[in-house]
Amino acid sequence: MMNAALAEPSPIVPILEMRAISKSFPGVKALNDVNISLYPGTVTALIGENGAGKSTLVKILTGIYESDEGEIHIDGKAVAFGNAQDAINHGVTAIHQETVLFDELSVAENIFIGHAPKTSLGLVNWKGVNARALALLHSLESNIDPRARLKDLSIAQRHLVAIARALSVDARIVIMDEPTAALSRKEVDDLFQIVRRLKAQGKAILFISHKFDEVYEIADNYAVFRDGKAVGSGALADINQNDIVRLMVGRSIEHAFPKVDIPLGKTVLKVENYSHPTEFRDISFELRKGEILGIYGLVGAGRSEICQSLFGVTRPSHGRLELDGKEIQIRSPGEAVHAGIVYVPEERGRHGAVLQLPIYQNISLPSLGKTSRSGFLRAAEELALARKYAERFDLRAAALSVPVGTLSGGNQQKVVIGKWLATQPKILILDEPTKGIDIGSKAAVHAFISELAGEGLSIIMVSSELPEILGMSDRVLVMREGLSAGLFERAYMNAEILVRAATGNA
Amino acid sequence: MIKKLFRFREMLLVIIIAVLLGVFSSRSSGFASPSNLSNIFNDTSILIILALGQMTVILTKSIDLSVAANVAFTGMAVAMLNAAHPDLPLALIVVIALGIGAILGAINGLFVWKLGIPSIVVTLGTLTIYRGMAFVLSGGGWVNAHQMTEPFLQTPRHVFLGLPVLGWTAIIIVAVIYIVMSRTFLGRAIYASGGNPTAAVYAGIDVGRTRFFAFVISGTLAGLCGYLWVSRYAVAYVDIAAGFELDSVAACVIGGISTLGGIGSVAGALLGSLFLGVIKNALPVINISPFSQMAISGGVIIAAVIFNARQEQRRGRIILRDRGASEKIEGIA
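Chains G and L, in that order, are what the protein sequence lines are. Counting in numbering that gives the first Met the number 0, the first sequence runs from 0 upward without gaps. Counting in numbering that gives the first Met the number 0, the second sequence runs from 0 upward without gaps.
These are computed hints drawn from the structure, not numbers from a lab. Check the hints yourself; a few may be wrong.
[Said to hold, decoys possible] Covered stretches of chain L (in silico footprint by chain G; criterion: 3 or more residues with CB under 8 Å from a CB of chain G, positions within the stretch not fixed):
1. 191-197
2. 200-207
[Claimed, not checked] Pairs of lysine-lysine, BS3-like flavour, derived with a Cα cap of 27 Å:
3. L:K279 to G:K150
4. G:K288 to G:K269
5. G:K150 to L:K113
Computed from a predicted structure; not experimentally measured. We treat Cβ as the ideally placed atom computed from N, Cα and C, and that holds for glycine.
Could you build the full structure based on these sequences and the hints that come with them?
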């Protein structure tokens, strides 16, 4: 293991040092003798694949878990975090991927919950709360109204509130756990402005992200974790991306997009002037057999919304839909599945599987119309269907009758995709198919998408990741604020063109 | 794994019931005699039927607090019908009871489905309304045994193979609900709608409609129990089965049906009901006052909830232990 202190370029002393931290869970050693140092005015990127131990480290640092071994030093003094409040009292605060805030409370209440200014009678000093919230938000150059209710804010604004909350307790060490996962490029830029300001104020920042371009843009130092061990750390200026990837996966992998050029067939789906009362307007496109149509745009541009309406989750206000040359209407997901359109949602955990039900019942769930006769289920047919797709995906489970909840995340995902392919769809809509999964799995997903397209399936792929959109799509529909900002052919698109179209910077 | 836990849990209930029977029969000989066991089962039949209806509703992440009021209204209606038209055949009266119950259940279901009102609010409202309707219908009066016809009163008491028809009815309902839950599209939809409503919607299942049908099942069974209740106790008045909706929920909870929906089995509801039935029948035998009985029932319910919560936690940990778990599964395979 490299010594973090030696690799450090600047002579300044760390605010926080974690020394020889180990943490085990039954059956897994989540962290094994890990060292990491955070310096004032420095952004340290924590990089690692899923399961490398990043989240465990964050939980130890924020007092949610206690480490089995090792010490945490702040300003050179050993400290012990018995609970989350201890960590906050020592100036450690975390901003999570999904912000943990209260939807029904106001912005100011969210910022000061637990430590609101009090009046002399010991009651909450609301004037003080709102005034200090306003001052904090102003210091972040935001004009969010402190009295606004949190549920009315965008995801980016919520992040700002979370950051304001962190600053309200005089945090010196700020942990950002994949803060950009749900943000669009423009919002990421805004967030980075704030990070730079925090840096200028001398805060030590631990920045966790899957995205290398962001890491290089914002971070000064890096620390790479693999299988619960710190496998490398130092200044980012001294290492290139390939070397970091090598450290992460223990080998060097080329992430080439396995897009196979296949001749496109006839038009399968024709969408004309599709509109929704609030989310999108006048969207038109065609999808051909074997085509991968990318849909790119900022979060909130209406990408997922149009897919959900194609799948019958929401209804369009007007517009025409033609499937194989015939006009159709889709009023419910059941009708969509029947018509051969399936949608693999972004939140596979929440929208995807019924964890309590066995694997085979999950796979057959959208296909029950085919495997049942007059309302009665036919277990043999269900099992045969499930077996076919479990084999195809190399699903690892003791039996098809075990509940999906007992499977690993990767295998759960196989069940979810398997259940949709079991309906033998013509059109597969994938919403952020590789969000939050590690590089190795991403390549496998991309290869699989290509394979499906090669078999003649038409695919609509919503993604916020430019490399994925550029690498996988035959054509790209760019959306901006609910409107189409252009359709781009593979031969005539690059990152710059798409970003410009998506952000409206002509 | 979870299935194993369930089998384990159901076995546990069987063992506990058996131990209770053993203890009680040591205190009072004859308690575990076949005729007394048949009595206990017969006594518990109405609770079993109501608990099965409650189970279908709870599985969809809802609750039906109006079942006992449904029993009271339907019971009053069929008793008055029987008194006014003694010549109506019993089969028709039973069909009418099922029909009235189904309509009352459908009203609950429509509010939940079409207006999206939480079931606890809807059925808290209809609980009062249905009992109020029973009062309006009867004017607060009673229908007594002498006003009821012989077949109306005696048919459920008719002993067949050592068990009264009332008990056989419960057995038939258990079988029917078991087939519905395990072999039909509706049953699968009920589990999916409660287990993960969003995923169910995405799989093309109409969650609202599924909940509606769960309420119809619950209402229909409550309607049947309306007739069974007035026949068994040979009297109909506004307050019959008061508070009994809680017993049906308790039986489900004791039987391991998760109040969060999606988890539970017919066997669980049956065993949960039998457990309560054994306790209720046994405590007077060993001279424990009815008030202590209520306290004991309450204690058991809380114990069952704690047990459930611990099981769910354990399951959560299995999911977290991602890598380890999948390796283990591979090893088994």
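How the hints compare with the structure:
A count of 4 residues in the region 191-197 of chain L with a Cβ less than 8 Å from any Cβ of chain G is obtained; the coverage claim is therefore met, three being the minimum. Chain G is given as covering the region 200-207 of chain L, and this holds because 6 residues of the stretch bring a CB closer than 8 Å to a CB of that chain, at least three being needed. Straight-line distance between C-alpha atoms of L:K279 and G:K150 comes to about 49 Å, which puts the hinted pair past the 27 Å bound. A C-alpha spacing of about 12 Å is found between G:K288 and G:K269, which places the hinted pair at or below 27 Å, so the restraint holds.
For the hint linking G:K150 to L:K113, the alpha-carbon distance of about 25 Å falls within 27 Å, and the restraint holds.
Comparing the model with each earlier hint shows a violation of hint 3 alone; every other hint is respected.
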